[in-house]
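S.K.: Protein sequences appear in the order of chains V and E.
Heads up, the first sequence stops at 421 in the numbering used here, and the numbers go up one at a time, no gaps.
Heads up, the second sequence stops at 690 in the numbering used here, and the numbers go up one at a time, no gaps.
Hints may contain errors.
[Stated by the list, open to error] Dumping the calculated DMTMM-like pairs for lysine to aspartate or glutamate here, alpha-carbon to alpha-carbon at most 25 Å:
| # | chain 1 | residue 1 | chain 2 | residue 2 |
| --- | --- | --- | --- | --- |
| 1 | E | K609 | V | D233 |
| 2 | E | K302 | V | D262 |
| 3 | E | K292 | V | E282 |
| 4 | V | K279 | E | D611 |
| 5 | E | K650 | E | E563 |
| 6 | V | K301 | V | E324 |
| 7 | E | K609 | V | E220 |
| 8 | E | K363 | E | E437 |
The set of hints was computed from the structure by calculation and includes no laboratory data.
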Amino acid sequence: MLSMRNISKVFKTDLVETHALRDFNLEVNEGEFVAVTGPSGSGKTTFLNIAGMLEGFTHGEYLLDGVDVSNLSDNKSAAVRNEKIGFIFQGFNLIPDLNLAENVEVPLRYRGIKAAERRRRVEQALEQVGLGARMKHLPTQLSGGQQQRVAIARALAGEPRFLLADEPTGNLDSLMARQVMELLEKINQAGTTIVMVTHDPELARRAQRNIQIVDGQVCDFAASGLGQQQGLRQDQELTPLADLAADFAAKAKASA
Amino acid sequence: MLHIKPILSSLLRSKSGPLLLLIQIILSVAIVANASFIIHERLALMSRDSGIAEEEILSFNVYNFDPSMDMAQQNKQDQQILRALPGVISASSTNMLPLSGGGWMDRLVDGPDVETAKSTPGFAFYLGNEQMVDTLGVKIVEGRNFFAEEIRSSPAESGILALVSKPLAQAFWGEESPVGKIMYQGTDQQVEIIGVIEQLQGAWVDHRNFEYSVIANVDWGGQGANSSYMVRAGAAALPGLKDSIIAALHRENPNRVIDNFKTIAEHRASSYRDHELMVTILSMMVVLLLLITSLGLAGMVMFNIERRTKQIGTRRALGARKRDIMSYFLVENYLICLAGGILGALLAVLLGQQLMKFYSLPKLELIYPLLTLAGLLLVTTMAVFFPARKAADISPALATRSV
Ligand SMILES: Nc1ncnc2c1ncn2[C@@H]1O[C@H](COP(=O)(O)OP(=O)(O)OP(=O)(O)O)[C@@H](O)[C@H]1O
Ligand SMILES: [Mg+2]
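Given the sequences, and given the hints that come with them, work out the whole structure.
M.R.: Shown next as structure tokens:
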């Protein structure tokens with residue numbers, strides 16, 4: 166489904182070059198639910214943005230659904246995002262001037278779907294997240310958890326095969342976070358591949374697979390799915406967790 | 288895909304910003320439509336043909352101070368001198384100068400009986416000899432000019448003949464020819480009409496009878512200390528004409544003041560100065576209003592783009608192409624402008640009606656609000672296009688990165 170090989174991403178500003186991702190390797194299979202964790206600034210959002218084709222990368226190869234998407238035109242990328250990928254953001258990113266139905270409709274309009282079909286899908290998606298009765302409400306009239314469910318409905322309405330979520334529960338209390346997580350699990354069970362960045366270890370544990378990104382690299386060997394190829398030293402595999410942590414700390418210091 | 292409905296509902300939900308802009312556009316359109324109409328009306332007035340060779344005619348005054356002088360005789364002699372100057376085509380003394388803002392106005396009636404006689408509209412009443420037609424450069428389209436021996440020295444004498452301007456003839460006699468008609472000045476003074484002049488304007492550019500004029504066969508000079516003259520000369524002779532006139536008349540009799548040299552074109556320019564000022568001010572106002580409106584539009588678009596950076600990134604993430612973002616802003620502002628433009632056009636018509644009522648302006652032609660609307664859409668396109676293009680360049684990554 167998703168295959169990244171030796172991806173690197175460098176942000177250049179006038180003063181510094183930031184290596185947000187370096188030699189990043191990851192495979193995600195169809196139907197998986199992958200949780201991504203890692204310290205702040207380690208490159209999680211960068212990875213997710215590249216995976217979702219929101220930004221380009223400096224080196225490497227990225228195949229989505231077996232198709233090399235690294236050199237697509239802007240319009241083509243937009244079409245791929247629109248058709249294959251659903252996004253869920255930490256800040257919900259609902260459009261404040263549009264009611265719930267209109268918000269959910271946004272990606273469908275960009276796909277050029279006819280009005281009747283749009284309405285059907287919007288109703289269905291809002292029904293699915295338990296907000297079918299509130300189509301005409303504005304986002305500000307909803308709680309955070311409800312807003313995130315609307316955002317999920319918006320992502321679902323396009324029937325994507327691939328759902329990307331950047332800390333979808335980051336702005337929610339634990340009860341609401343659990344509800345959102347349950348919703349995502351349901352969606353995953355229905356066949357949608359999900360990659361979710363989270364800071365919450367409890368939620369991460371509920372995913373099928375955990376990936377840790379540290380300093381721009383996937384570092385949990387067991388979770389990477391690529392094993393040896395991913396650039397970690399062979400012996401690291403056997404290193405006890407405590408030593409691993411010390412190793413990361415040293416790495417972090419070196420890069421700071 | 289223009290997606291008008293969500294753009295419209297989003298607009299209707301947003302607060303005062305678009306409303307203020309809408310009001311600004313309504314007022315601008317109403318004012319610009321009327322102003323451009325008035326400009327056009329004034330320009331039409333200013334470009335009317337006087338029928339006169341304005342550029343070629345130099346007018347001036349002679350003030351005689353010598354009480355012993357035979358004024359009438361001197362006047363005749365002066366006209367001879369003027370006609371003999373090199374480059375001069377024709378010269379006449381006159382009682383009034385066309386387009387100058389000052390002159391004689393009179394009426395004629397069609398019978399001796401005051402009770403039953405019908406009066407012509409008021410007309411500019413020129414007095415001049417057989418040279419006058421040539422001096423003015425007007426064209427006789429029917430009948431004939433005066434002969435030299437028919438010239439009188441006062442309009443009170445018998446044997447008064449008249450040339451009438453065609454607009455006057457049509458206003459009073461319709462299709463019938465006026466040539467040969469006997470008219471009356473008061474009850475006893477007869478005036479015979481002997482010819483029709485194609486076009487000859489009077490002295491007052493704002494008078495509604497501006498096109499109605501009569502020339503009578505009276506050599507008006509030497510009636511007092513002050514005489515007016517018109518000298519028509521070719522373009523080559525005009526520059527030095529003033530000096531040669533002064534020199535020649537002073538050689539004949541140095542005891543007088545000769546001044547007020549002005550071509551009829553200059554008289555015309557000063558008569559239309561108020562109109563010209565009005566046109567200039569209104570034009571500046573039109574340009575300024577359009578400029579302010581476009582700045583307002585561009586300002587609001589830029590503000591909205593700033594405010595919606597995250598929204599734009601999110602839309603891009605959800606599959607909007609660059610042109611979807613551009614068309615969003617264009618459509619949004621076209622909606623405001625179209626609404627403002629249509630309301631403004633209606634207001635323009637209402638405003639026009641009030642102006643018509645209170646300032647006796649002509650009725651606003653509908654093409655002006657429509658043209659203004661078209662101009663507004665053009666201005667909108669230019670004001671919105673460039674900021675919108677910048678908005679389209681906002682990275683989809685801002686969906687996750689911006690706060
Ligand atoms: N547009 C940018 N320009 C320069 N540097 C950037 C830019 N975006 C991200 N970075 C840098 O890239 C690195 C990775 O950032 P990223 O946002 O991917 O981290 P993260 O793992 O998502 O962190 P967090 O958990 O705080 O969200 C950071 O050092 C960050 O400062
Ligand atoms: Mg992040």
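S.K.: List in ascending order the numbers of the hints, as given earlier, that are violated by the structure.
M.R.: Those not satisfied: there are none.
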